[in-house]
Amino acid sequence: MPSRRYVQGWGALSLAVGAVLVTTAAGQAPPASGAHAANVPEAAVVTVDACAGAGGLCRVPRTTLALDGRAAVTLPAAATGPLDLALRTPGRLADVTVTDRRGRRIAGHTDTGGTRWTSEAALPAGDAYTARLVLEDTGPAGLRRRVVRLAVRTDRAPAGERLTVAFGPGDGGGARTYGVGQPVTAELSHPVPADAPAARRVVERALEVRSEPRAVGAWHWVDADTLHYRPRAYWPAGATVRVRSALAGARVTDRLYGGPSRPLTFSTGARVEAVTDVAAHEMRVYRDGRLLRVIPVTTGKRGFRTRVGTKVVLGKERTVRMRGDSIGIARGSREFYDLKVRWATRVTWSGEYLHAAPWSVDAQGSADVSHGCTGMSTEAAHWFYRTVREGDLVRVVNGYGETMAPFGNGYGDWNLDWPGWLRGSALGPAAVRAAAGSPLRPGL
Numbered sequence: 000m001p002s003r004r005y006v007q008g009w010g011a012l013s014l015a016v017g018a019v020l021v022t023t024a025a026g027q028a029p030p031a032s033g034a035h036a037a038n039v040p041e042a043a044v045v046t047v048d049a050c051a052g053a054g055g056l057c058r059v060p061r062t063t064l065a066l067d068g069r070a071a072v073t074l075p076a077a078a079t080g081p082l083d084l085a086l087r088t089p090g091r092l093a094d095v096t097v098t099d100r101r102g103r104r105i106a107g108h109t110d111t112g113g114t115r116w117t118s119e120a121a122l123p124a125g126d127a128y129t130a131r132l133v134l135e136d137t138g139p140a141g142l143r144r145r146v147v148r149l150a151v152r153t154d155r156a157p158a159g160e161r162l163t164v165a166f167g168p169g170d171g172g173g174a175r176t177y178g179v180g181q182p183v184t185a186e187l188s189h190p191v192p193a194d195a196p197a198a199r200r201v202v203e204r205a206l207e208v209r210s211e212p213r214a215v216g217a218w219h220w221v222d223a224d225t226l227h228y229r230p231r232a233y234w235p236a237g238a239t240v241r242v243r244s245a246l247a248g249a250r251v252t253d254r255l256y257g258g259p260s261r262p263l264t265f266s267t268g269a270r271v272e273a274v275t276d277v278a279a280h281e282m283r284v285y286r287d288g289r290l291l292r293v294i295p296v297t298t299g300k301r302g303f304r305t306r307v308g309t310k311v312v313l314g315k316e317r318t319v320r321m322r323g324d325s326i327g328i329a330r331g332s333r334e335f336y337d338l339k340v341r342w343a344t345r346v347t348w349s350g351e352y353l354h355a356a357p358w359s360v361d362a363q364g365s366a367d368v369s370h371g372c373t374g375m376s377t378e379a380a381h382w383f384y385r386t387v388r389e390g391d392l393v394r395v396v397n398g399y400g401e402t403m404a405p406f407g408n409g410y411g412d413w414n415l416d417w418p419g420w421l422r423g424s425a426l427g428p429a430a431v432r433a434a435a436g437s438p439l440r441p442g443l
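Going letter by letter, the sequence shown gives residues 0 to 443 in numbering that gives the first Met the number 0.
Keep in mind that the hints were calculated from the coordinates and are not lab data.
Each hint should be verified, as a subset may be incorrect.
Stated by the list, open to error - For lysine-lysine, the following DSBU-like pairs were computed, each having C-alpha atoms within a straight-line distance of at most 35 Å: (1) K300 to K315; (2) K315 to K339; (3) K339 to K300.
Just need the whole structure built from these sequences, with the hints factored in.
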């Protein structure tokens, strides 16, 4: 007995994909071989599938359609894979354009033989789409082109909780300007564990990052409910970055569908980078590659070494109280301190700052005497405070401390090399893409 995923002949119709077909002729009609042929063009046959790349057992059979009239079927909510259109009669798909009801284009690609088109992601539930297919074949009269349109509907997602996303930096409530080292963060309302790779791929495909100018980047799963996005190199200076989720209606797991999420837009300023050379006891500050200033500094002494590697400015505080017990130094010990510090620029959540240290001016430029922070004169710290913004880069080189962790204590994302960053993506090599474009694109 043949499998229900296969259909005998193109005239059969298996329930799988919602579609209304309207066929129109474009270009020369096929040559008539009789009265019937003169009025009815030869039908093309397309198989529609929604299981390709879904992973696991797909419960939705294929549908084989003759594109010579009208038909109405619906893509069930159980469909988990991308939309797949395969031409079964001689010829090729010269062009395929699929748009949603708002005119946004569904990203996809045609195979090398020109007989199959596949969307980049599954179609969200509860929506309507129109596919415009340009078919080419060769008949007795030579090359023939025809245009057919296929209207696809998808079932509504069942009632239940929805997976939403909160994007950072900021709260998404208006564009702000950040440094070129600022990663994009995505906090999920429900965890998606590492042992659910298909669900992670659905989520990752739906999180769109677009930048002008373009920057090639990828998402990295920090844990079950947090992703970070960064370019291969830093963001371009003066870029506009737009982040949005196309999860609404998407089937993530058997019991979880995507919901609407608030988009995010931010800009980048000039490329500002502070490079602290621990061995030379100095910090050089650059803007767009031009040296602005060289500042004598002191960094962490033995037992309190300053972390090496690349960090990102998290925030700035005009005055901050620093106490030794916040980093494990017992009260009453020789190392304990309790100070009000001016012009403090934070680079870790655990309390590493670049700040004014008037008590150590004699050591600045010659010795390491701090408990892990980078100290400088009050005037230099005030200048640095006014010069940098959140997202700017702070690199520590030629030091003796441990390397800044990629996650958990600030933004150490840049301490992972690019291959290591991509290993944190659920999409593998497909994760690498220009930060412009998504499963839904504006129509041309």
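Which numbered hints are broken by the structure, listed smallest first?
-> none
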